[in-house]
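Using the hints provided, position chains B and C relative to the given structure of chain A.
Letter by letter, the chains look like this.
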Amino acid sequence: MTPAGEPTVLSGRNLRKDYPMNGAAVHALRGVSLEVRSGEYVAIAGPSGSGKSTLLQLIGGIDVPSAGEVEILGTRLDTLSDRELTRLRLTRLGFIFQRFHLLPVLTARENVELPMAEAGIPVRERRARALELLAYVGLEHRAGHRATQLSGGEMQRVAIARALANRPVLLLADEPTGELDAATGGEILSLFRRLNQDGTTLVVVTHDERLAAEAGRVIHMLDGHILGAGE
Amino acid sequence: MSGLGWAVRSLIRQRLRTALAVIGIAISAAMLLDMVMLSGGIEKSFAELLLAKGYQIRLTPKGTLPFDTEATLDRASSIVARLRRDTAIASAGAVLGTSLYGRSRDSLVTLVGYGIQPEAQGVYQVQRGQDLARHDTLGVLLSASAAGLLRAEVGGTVSLVGRLDPQVATAGVSRQLVVRGIVRWVYDYRGQPSVGTILPVMQALAAVGPDDRASLVLVKARSDAAAPALAERLREEFPRLEVYSVADLVRFFKQRLVYFRQLSYILATMSLVVTVLLITTLLTITVNERLGEIATLRAIGIGRSTVVRQVFIEGAVLTVLGAVLGIALGLGTARYLDSILTSFPGLPAAFSFFVPRRETLTAAALVLLVTGSLAGLYPAWLAARAPIAATLRSEAT
Amino acid sequence: MGTYARRYRVLAGLLFIIGGSPVAAQVAEVAVERRLAEELGLAVGDTLRLGPAVEPLTTLGVVSAIYEPMPDPAEIAKRERHIRMHLPDLAELLGAPDRVDRYGVGLRPGASADTAARVLNRTAFGYRAYTSRAIASESSQTFLVVSRFHRAIAVITIVASAVFLLCIMLLKVEERRLDAAVMRFVGVRRRTIFGALLLEAALIAALGSVAGSGLAYLAGAATNAYYRRFFDTGLTFSLITPEIIAFSVGLSLGLGIVAGSVAAWRLVHTRPLVLWGRG
Numbered sequence: 001m002t003p004a005g006e007p008t009v010l011s012g013r014n015l016r017k018d019y020p021m022n023g024a025a026v027h028a029l030r031g032v033s034l035e036v037r038s039g040e041y042v043a044i045a046g047p048s049g050s051g052k053s054t055l056l057q058l059i060g061g062i063d064v065p066s067a068g069e070v071e072i073l074g075t076r077l078d079t080l081s082d083r084e085l086t087r088l089r090l091t092r093l094g095f096i097f098q099r100f101h102l103l104p105v106l107t108a109r110e111n112v113e114l115p116m117a118e119a120g121i122p123v124r125e126r127r128a129r130a131l132e133l134l135a136y137v138g139l140e141h142r143a144g145h146r147a148t149q150l151s152g153g154e155m156q157r158v159a160i161a162r163a164l165a166n167r168p169v170l171l172l173a174d175e176p177t178g179e180l181d182a183a184t185g186g187e188i189l190s191l192f193r194r195l196n197q198d199g200t201t202l203v204v205v206t207h208d209e210r211l212a213a214e215a216g217r218v219i220h221m222l223d224g225h226i227l228g229a230g231e
Numbered sequence: 001m002s003g004l005g006w007a008v009r010s011l012i013r014q015r016l017r018t019a020l021a022v023i024g025i026a027i028s029a030a031m032l033l034d035m036v037m038l039s040g041g042i043e044k045s046f047a048e049l050l051l052a053k054g055y056q057i058r059l060t061p062k063g064t065l066p067f068d069t070e071a072t073l074d075r076a077s078s079i080v081a082r083l084r085r086d087t088a089i090a091s092a093g094a095v096l097g098t099s100l101y102g103r104s105r106d107s108l109v110t111l112v113g114y115g116i117q118p119e120a121q122g123v124y125q126v127q128r129g130q131d132l133a134r135h136d137t138l139g140v141l142l143s144a145s146a147a148g149l150l151r152a153e154v155g156g157t158v159s160l161v162g163r164l165d166p167q168v169a170t171a172g173v174s175r176q177l178v179v180r181g182i183v184r185w186v187y188d189y190r191g192q193p194s195v196g197t198i199l200p201v202m203q204a205l206a207a208v209g210p211d212d213r214a215s216l217v218l219v220k221a222r223s224d225a226a227a228p229a230l231a232e233r234l235r236e237e238f239p240r241l242e243v244y245s246v247a248d249l250v251r252f253f254k255q256r257l258v259y260f261r262q263l264s265y266i267l268a269t270m271s272l273v274v275t276v277l278l279i280t281t282l283l284t285i286t287v288n289e290r291l292g293e294i295a296t297l298r299a300i301g302i303g304r305s306t307v308v309r310q311v312f313i314e315g316a317v318l319t320v321l322g323a324v325l326g327i328a329l330g331l332g333t334a335r336y337l338d339s340i341l342t343s344f345p346g347l348p349a350a351f352s353f354f355v356p357r358r359e360t361l362t363a364a365a366l367v368l369l370v371t372g373s374l375a376g377l378y379p380a381w382l383a384a385r386a387p388i389a390a391t392l393r394s395e396a397t
Numbered sequence: 001m002g003t004y005a006r007r008y009r010v011l012a013g014l015l016f017i018i019g020g021s022p023v024a025a026q027v028a029e030v031a032v033e034r035r036l037a038e039e040l041g042l043a044v045g046d047t048l049r050l051g052p053a054v055e056p057l058t059t060l061g062v063v064s065a066i067y068e069p070m071p072d073p074a075e076i077a078k079r080e081r082h083i084r085m086h087l088p089d090l091a092e093l094l095g096a097p098d099r100v101d102r103y104g105v106g107l108r109p110g111a112s113a114d115t116a117a118r119v120l121n122r123t124a125f126g127y128r129a130y131t132s133r134a135i136a137s138e139s140s141q142t143f144l145v146v147s148r149f150h151r152a153i154a155v156i157t158i159v160a161s162a163v164f165l166l167c168i169m170l171l172k173v174e175e176r177r178l179d180a181a182v183m184r185f186v187g188v189r190r191r192t193i194f195g196a197l198l199l200e201a202a203l204i205a206a207l208g209s210v211a212g213s214g215l216a217y218l219a220g221a222a223t224n225a226y227y228r229r230f231f232d233t234g235l236t237f238s239l240i241t242p243e244i245i246a247f248s249v250g251l252s253l254g255l256g257i258v259a260g261s262v263a264a265w266r267l268v269h270t271r272p273l274v275l276w277g278r279g
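So the protein sequences, as listed, match chains A, B and C. Using our numbering, read the first sequence as starting at 1 and increasing by one per residue. Using our numbering, read the second sequence as starting at 1 and increasing by one per residue. Using our numbering, read the third sequence as starting at 1 and increasing by one per residue.
Don't take each hint at face value.
[Said to hold, decoys possible] Each computed DSS-like pair below joins lysine-lysine, with the alpha-carbon atoms no more than 27 Å apart:
{"hint": "1", "chain 1": "C", "residue 1": "LYS78", "chain 2": "B", "residue 2": "LYS44"}
{"hint": "2", "chain 1": "B", "residue 1": "LYS62", "chain 2": "B", "residue 2": "LYS44"}
{"hint": "3", "chain 1": "B", "residue 1": "LYS62", "chain 2": "B", "residue 2": "LYS254"}
{"hint": "4", "chain 1": "B", "residue 1": "LYS62", "chain 2": "C", "residue 2": "LYS78"}
{"hint": "5", "chain 1": "B", "residue 1": "LYS254", "chain 2": "B", "residue 2": "LYS44"}
{"hint": "6", "chain 1": "B", "residue 1": "LYS254", "chain 2": "B", "residue 2": "LYS53"}
{"hint": "7", "chain 1": "B", "residue 1": "LYS254", "chain 2": "C", "residue 2": "LYS172"}
[What the hints assert, rightly or not] Just so you have them, the derived chain A footprint on chain B, three or more residues with Cβ under 8 Å:
{"hint": "8", "stretch": "257-265"}
{"hint": "9", "stretch": "297-305"}
[Claimed, not checked] The calculated label-pair distances, taken between Cβ atoms and stated as ranges, are:
{"hint": "10", "chain 1": "C", "residue 1": "LYS78", "chain 2": "B", "residue 2": "VAL178", "range": "35 to 43 Å"}
{"hint": "11", "chain 1": "B", "residue 1": "ARG85", "chain 2": "C", "residue 2": "GLU39", "range": "23 to 31 Å"}
{"hint": "12", "chain 1": "B", "residue 1": "VAL109", "chain 2": "C", "residue 2": "SER261", "range": "53 to 61 Å"}
{"hint": "13", "chain 1": "C", "residue 1": "VAL54", "chain 2": "B", "residue 2": "LEU51", "range": "25 to 33 Å"}
{"hint": "14", "chain 1": "C", "residue 1": "GLN141", "chain 2": "B", "residue 2": "GLY5", "range": "54 to 62 Å"}
{"hint": "15", "chain 1": "C", "residue 1": "ILE135", "chain 2": "B", "residue 2": "GLU236", "range": "40 to 48 Å"}
{"hint": "16", "chain 1": "C", "residue 1": "SER261", "chain 2": "B", "residue 2": "ASP248", "range": "38 to 46 Å"}
{"hint": "17", "chain 1": "A", "residue 1": "ARG76", "chain 2": "C", "residue 2": "GLY195", "range": "51 to 59 Å"}
Just so you know, the hints here were simulated from the structure itself, not pulled from any lab data. Yeah, the Cβ is synthetic: ideal placement off N, Cα and C, and Gly gets one too.
In isolation and in its complexed conformation, chain A is listed as follows (with noise of 0.2 Å):
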């Protein structure tokens, strides 16, 4: 269900994303709008090459569209620089990835404190902070542990801790479950869902049928263009 009356926290409006490839243009996003109210938990479907994967980065900030634009928390991106959306991608919004991308040399609770030391946090409270998320992840007992010796599950669960380090009013997620066997991809469903009912704010995106049916509303695209949203 979309909660009505929230405000909005993530917009987006006719956006397109083209780019080059072996000499012809690719159009990965064709005039996509969306938009997304604090609280909800939203799917983004699709087959591969649908544009699911483009449209999590320009609304994430990571990639610029080659039209349209994205507003988040009421602040257009393109009207930031460089650093601004930087700053804003470490306060702002957490990312979560297919494939972790933890630090390996890094312990888990060392993954979790990067983006707290970035954004000037102090140590003590930041290594509070970092078990607490832990904690809240199921793997305070791994907080030592550096990411290579972790599971694919443990390591998607501390990639979930740092998303949340900098309690972020917008979760990114790509593929969340996509690395992950049937019974560790659950576990990450759980704490999804966990995670939307204590108010986090979700957008995924998945192939995961599961991961879909968790959301309150599922967005398809296909070839680029959004083709409905179901809820």
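Only chains B and C this time, still in chain A's reference frame:
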């Protein structure tokens, strides 16, 4: 987790390549250090040698360098007397260098002879026994080599002969002298058999006859600061002589060894180039390998400056490790290279080409650190401009 | 035995004498070396005043020839200038008519220099005889020291290059670890992968060797050009012979191949899953 800790862990993760890089940098650092020592060490060592006894000025026959030829000054005693009357001069003494012979059992051995004025000498340091007295016509000082050749010790006697006449197979002059002391002759090469007597005795023994001649006159100014001005004044007062300050002699010496100075610059530059290449290549490949990691960091909000700083820190850690190891290695290789170069025939034994000094080590380390840091510029730039979206896309495929 | 006498005596311009007529001339003939003539602006026919000390310069000399001295490596760094006079003229100038520093002795063909030197030394009093070979050996000690120094630097450079090569090869090969993993997954043999990487290393080493040889040739030419001008001499300072090229290329090729082999061996003996990042 500090940036330094992060960088160290990243380097430890790839032990072999890190170890090889550090060794490579260490060897280059060692070479750099050695060349920095060589470029400045030659003249410093020579200057120290010249000032070993505090004599800042030398007077020689016109157009010659000290002990470079057989030319001599005549009327040496009057030159010395005139200099000693000069109130700006603390001490002045003449030295005659010549060749003569010593009897060792049934044979004659060739010796280098120094005629000195013990009250004002700057060419030896007494190691055993005692110095010659001012008018000691019966005493002689020996180098350790000469003592060995002549089988003499302090208190013993030696027989010195000069002006050999091959026609009648006799010596024109012969003296029995008592060994007063074993000395280290400051300008002797290793193993040089040298003997020293007071000037008149050596003048008598010298091949050119007992004239009032000397090879050079040493002058000590009352202060080091006054020496250059004094040298200038003496040049005007003695226009028929060459007057050299230590700086003048160092300049001539530098000219003679210009090759080593230039070689040291070339090799030092090459060392730096190798260091830069090694660090740049290593970090560039490392950055390329970790582009996905870098793109993720940027995506989650880690700023460019943090990413760039990490690259620089990694480069700096490699450089510091390499520099520390390199300095230790460089000191060792310097000793080895010095042992080669100081075997030049005729080179004073007290002379060194590679002299480790604090300022040399500091200069080499600083140059290396700056260069190593700059070597991280290109890989840091690569890291900074890593395209987040494109990299994440390619990582996903 | 034939003999000729030489006398060396150093003055403010260095006097250098060759043997000649036994009778001193009224006006001495003087041969001046080219550089001195250029510096003093002398030409054949000009006169000089000569003396054993700065004053008095009582002897008149006439420039009868300007000559180019044989390039002597031992002399190039010194700023000495030479003239040549007939022995009797110099002897009279120095006031020591019957004195020389050394003799040069030429032997009849077939006579042994070592034997002659021994015979002379047995009867010598006040002099020693040396063979030319012994003197050459003694006087070339300086260059032997320089050679040893160069060799030491070369060894250090080779060690540094070897480490550098190994490091670079390791890095380059590790860059290909995903490719190697995929190849192993699809069944390509270790030997094939190793051979491909080795071939690549050999090619890089070969290219580097050729480039290095070219660079060395250019550096050598630049060195000779620079120092010939710097010292005003015709000496050769850097000589690159076919043997040196062969040695250098062989060494660099060998080092490159060894480094590549080590890196490739390490890669092919790592489990494919580890290469893939999942092991």
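Which constraints among the numbered hints does this structure fail? Numbers only, ascending. When the structure is compared with the hints, numbers 7, 8, 11, 16 turn out to be violated.
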